[in-house]
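Residue numbers (the numbering used here), protein chains in the order written: chain A, 14 to 368; chain B, 14 to 368; chain C, 14 to 368.
Treat the hints as calculated values from the structure; they're not laboratory data. One or more hints might be untrue.
Because identical chains cannot be distinguished in the list, a pair is counted as satisfied if it fits within a single copy or across any two copies.
Said to hold, decoys possible - Dumping the calculated DSS-like pairs for lysine-lysine here, alpha-carbon to alpha-carbon at most 25 Å:
#1 Lys114 to Lys213
#2 Lys359 to Lys33
#3 Lys349 to Lys359
#4 Lys349 to Lys360
#5 Lys300 to Lys264
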Amino acid sequence: MQVSFLPDEIVAIAKPSMVKGSTAEAIRGIAGLSAAVAGDLSFLGNNKYRSQVRESRASIVLLPVDYAGEPAAGQMFLWVENPSTVLSLICGRIEQLLWPKPTPGIHPSAVIARSARIATSATIGPLCVIEDDVTIGECCHLQAQVFVGRAASLGEGCWLQPGSIVTAECRLHDRVRLHPGVVVGSDGFGYDFVRGRHEKVPQVGIVEIGPDVEIGANSTLDRARFSRTLVGEGTKIDNLVQVGHNVVIGKHCLLCAQVGISGSTTIQDFVVLGGQAGIGGHITLGKGSKIAGQAGVTSDTEPGSFLRGTPALSFQLEQRINVLKQRLPGLFDRVKSLEEQLVDLKKSSARDEVG
Amino acid sequence: MQVSFLPDEIVAIAKPSMVKGSTAEAIRGIAGLSAAVAGDLSFLGNNKYRSQVRESRASIVLLPVDYAGEPAAGQMFLWVENPSTVLSLICGRIEQLLWPKPTPGIHPSAVIARSARIATSATIGPLCVIEDDVTIGECCHLQAQVFVGRAASLGEGCWLQPGSIVTAECRLHDRVRLHPGVVVGSDGFGYDFVRGRHEKVPQVGIVEIGPDVEIGANSTLDRARFSRTLVGEGTKIDNLVQVGHNVVIGKHCLLCAQVGISGSTTIQDFVVLGGQAGIGGHITLGKGSKIAGQAGVTSDTEPGSFLRGTPALSFQLEQRINVLKQRLPGLFDRVKSLEEQLVDLKKSSARDEVG
Amino acid sequence: MQVSFLPDEIVAIAKPSMVKGSTAEAIRGIAGLSAAVAGDLSFLGNNKYRSQVRESRASIVLLPVDYAGEPAAGQMFLWVENPSTVLSLICGRIEQLLWPKPTPGIHPSAVIARSARIATSATIGPLCVIEDDVTIGECCHLQAQVFVGRAASLGEGCWLQPGSIVTAECRLHDRVRLHPGVVVGSDGFGYDFVRGRHEKVPQVGIVEIGPDVEIGANSTLDRARFSRTLVGEGTKIDNLVQVGHNVVIGKHCLLCAQVGISGSTTIQDFVVLGGQAGIGGHITLGKGSKIAGQAGVTSDTEPGSFLRGTPALSFQLEQRINVLKQRLPGLFDRVKSLEEQLVDLKKSSARDEVG
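Could you build the full structure based on these sequences and the hints that come with them?
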């Protein structure tokens with residue numbers, strides 16, 4: 014990140030409600046409060062770190078309006094509504110430097126089928142392969158070594174990063190972003206067991222990706238047996254996620270890293286799946302369901318459910334079980350003690366009767 | 014999926030035992046019963062969906078012989094032995110359109126070592142790299158951007174999809190299919206801890222893949238420390254699966270997505286591993302073992318075992334534990350109540366004695 | 014592995030303290046004791062296999078000094094301090110044949126930005142892409158189809174295997190080894206939920222990889238939101254591992270396959286993470302912590318901790334719970350029996366009082 018902002022530029026972006034102090038340093042980096050050095054911008058985004066502001070060596074610190082304190086010499090404090098949002102604004106500026114707008118055109122090393130239709134504002138980087146009858150929309154950017162298979166189509170403004178792969182006939186809507194190594198349209202995993210062997214069930218459907226979807230590095234999305242595997246508008250998928258054939262994912266979901274979704278399952282809108290969660294096949298997760306990391310879900314969930322554990326239970330029940338689980342050794346002891354006491358009591362009551 | 018079948022063509026493939034109704038529509042798609050529209054073929058493959066047949070708008074519906082009902086106007090019902098099998102036959106026809114037979118030859122952009130031996134019926138697609146002393150058998154298809162390392166060999170009819178990688182000296186038998194991004198022959202993960210550092214244990218074995226094996230997108234198979242990591246004939250591996258060094262997988266196994274197998278473990282024939290299951294190192298899973306999704310297995314299993322949970326237990330015991338687990342809060346209450354009653358009983362019995 | 018060592022060459026490498034027997038065979042392979050045939054070298058590295066030495070058909074067997082036994086005719090036994098270490102020495106020799114030293118230079122099919130600075134001793138293989146302002150150090154080897162993004166830098170002696178990807182501005186120190194398909198520098202997974210949509214939080218930091226780090230096939234490491242995601246010197250990462258943004262991994266750690274680490278977590282030096290373990294965000298794993306396979310850790314751990322389970326508990330407690338878990342059905346029966354006995358006892362004691 015090679016950046017340089019004058020303090021005035023930071024102030025112009027942050028639009029602070031109050032400013033204290035000043036600095037002569039140009040801002041050349043961003044860092045957490047305790048790690049920051051002169052020339053860094055820092056911020057208080059989480060109350061947990063409030064005590065670190067005083068000792069931070071950052072040249073500029075973004076602070077929430079309820080923070081009370083004075084900058085050190087040569088340090089500038091900016092009070093803003095939401096320090097984290099302001100930081101994102103500044104990072105947005107840096108992002109434009111990190112990923113400069115590509116020049117439209119087709120790199121001479123790319124291998125493009127004659128029948129492909131590529132918008133003139135698109136950029137096809139080095140060593141990409143584009144097969145027959147592909148459509149690439151305006152302002153798309155295929156960075157390098159990307160593969161787009163026969164008759165696949167990309168909407169406008171898609172960004173396919175190095176080594177990402179879209180196989181035959183799959184369809185990406187506008188502004189889809191594929192990180193390196195993503196595979197869209199691998200075959201679904203379907204076999205019939207016939208005469209002692211697994212015979213392949215042909216997988217002739219497609220994958221369709223809605224607008225504004227982002228898919229993390231090396232994630233894999235299988236094409237449908239027939240019809241389509243679908244990812245809804247605005248859904249964000251992290252790295253190394255597996256989406257099985259005929260899965261339908263709704264709008265604005267979040268799938269954290271290493272999640273796996275088995276075939277023919279429906280994930281409704283606004284669902285959040287924690288890292289490494291596994292979702293069984295042929296079920297429906299209701300709108301807004303939240304599934305904790307590593308959970309295993311094998312039956313339908315009500316809208317708004319919050320589940321954890323394998324097999325997944327309601328968050329509260331699972332949490333209570335996790336507490337009680339640790340008290341199991343004691344419980345076994347208590348039951349043993351009860352049994353012994355009862356034996357004694359019976360003996361003594363038998364003696365009473367005899368006596 | 015751009016297809017078009019006349020109703021007569023569907024009948025010719027399906028060979029129905031009974032036909033009712035007729036349609037003027039050409040079949041341009043395949044869809045589930047409730048999603049189908051005019052021009053679609055649909056099918057009743059699962060009794061769960063029986064009630065959807067009546068309202069389906071599919072132009073042709075494949076039905077099992079025990080289904081009783083009448084088609085709507087302009088709709089055709091075909092009764093067949095197994096609707097799912099017939100659908101696979103039809104999809105098989107579509108598959109040939111989806112993946113047209115490639116033209117033999119070497120794309121001029123591929124980089125091929127002079128010492129490589131490539132069968133004349135093989136197709137080497139754009140931007141592939143083939144190193145020295147590689148052997149590529151008849152009718153192999155390396156689609157695009159594939160890498161085959163020094164002295165590796167491929168049998169006949171292998172299909173290596175875009176971005177798949179086979180490293181030095183590894184061996185694929187006939188009809189192996191690698192989906193995009195598969196890595197065959199990465200180094201095993203072996204280190205000796207010497208003087209405070211992890212020193213690499215050289216990994217100089219290979220990976221050998223039996224005939225008719227299919228490996229899903231972005232899966233990784235490590236080369237052996239010495240000798241070979243082996244995948245047996247007819248085994249099917251899903252996406253994002255990890256196979257450690259010196260693992261031996263038998264014939265006709267199924268490994269679902271995101272499974273991980275640690276080094277030197279043996280998986281016997283016909284084993285099925287559910288998604289995200291983890292198998293420890295240096296153990297043997299007996300023939301036909303079934304391991305549920307997310308299970309963790311760290312010791313040998315008997316042939317025919319069916320296990321789930323971490324650490325994995327018999328399916329029935331684990332299921333019973335999962336039920337009882339939810340009753341733990343009640344059990345703690347019951348034990349507490351028992352303890353209180355016993356105290357009362359002791360008190361009263363003490364009073365009796367005193368009285 | 015096409016190798017051939019004369020028995021004398023093996024003796025010269027092994028430097029045995031004692032030799033018995035002799036063989037006329039050249040050593041053309043390495044195999045386990047029971048699998049070995051004539052022409053193979055084998056070894057006793059694990060006492061478990063001691064009984065297999067006698068029947069091994071290996072031409073040369075490496076044995077620990079406490080082994081007592083005689084070679085068969087035409088067989089040579091070599092007694093050494095550590096058979097496994099000697100095997101690694103021999104494999105090290107084979108490794109040089111497996112991965113021959115590449116010839117320095119740039120393959121004509123590689124696409125190199127004019128502003129890239131590439132050391133003259135480096136090897137840039139076929140179909141690599143190197144963007145503007147990249148620095149590649151001495152003796153680096155980019156094998157084939159590698160991508161290095163704008164302003165990224167590699168130290169000396171790095172080895173980037175086919176299809177590995179380093180994105181803009183990321184930094185690899187000396188002797189980093191990336192296996193096929195590794196992605197260094199994908200975007201962190203950060204979004205703000207604004208007006209019903211997930212808005213991207215720009216990820217403008219980098220990934221920095223310390224010296225002597227090795228990263229397994231298809232693993233993914235996300236760039237920081239700002240500042241850097243860091244992997245410390247000598248740490249070894251297995252296949253399909255996910256490292257989130259702003260994670261800091263210490264020196265000499267081991268991360269087994271399919272591990273996932275959420276954002277902003279710190280892993281101190283010498284930590285070992287078992288396969289498929291999941292580590293939550295914003296926590297610290299203390300120095301030398303060991304986390305079992307499939308464990309889920311969501312809070313800080315003390316240095317030297319040994320945890321397993323989800324949520325992770327101390328190894329001993331979790332192990333005890335796992336034993337007791339299997340006795341739950343019996344415990345429920347015992348509590349039910351206690352309740353019935355208590356009812357009876359109360360009845361009889363009531364009768365006593367009445368009587």
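These are the hints, each one checked on the structure:
Taking identical chains as interchangeable, the C-alpha atoms of lysine 114 and lysine 213 lie at most 25 Å apart only when they sit on different chains, with a minimum of 18 Å there against 44 Å within one chain. For a Cα distance limit of 25 Å, the shortest separation of lysine 359 from lysine 33 qualifies neither inside one copy, at 80 Å, nor across copies, at 73 Å. For the identical chains of this complex, lysine 349 and lysine 359 are neighbours both inside a copy (15 Å) and across copies (17 Å), given an alpha-carbon limit of 25 Å. In this homomeric assembly, lysine 349 and lysine 360 come within 25 Å of each other (Cα to Cα) both inside a single copy, at 17 Å, and across copies, at 20 Å.
For a Cα distance limit of 25 Å, the shortest separation of lysine 300 from lysine 264 inside one copy, 10 Å, qualifies, whereas the shortest one across copies, 41 Å, does not.
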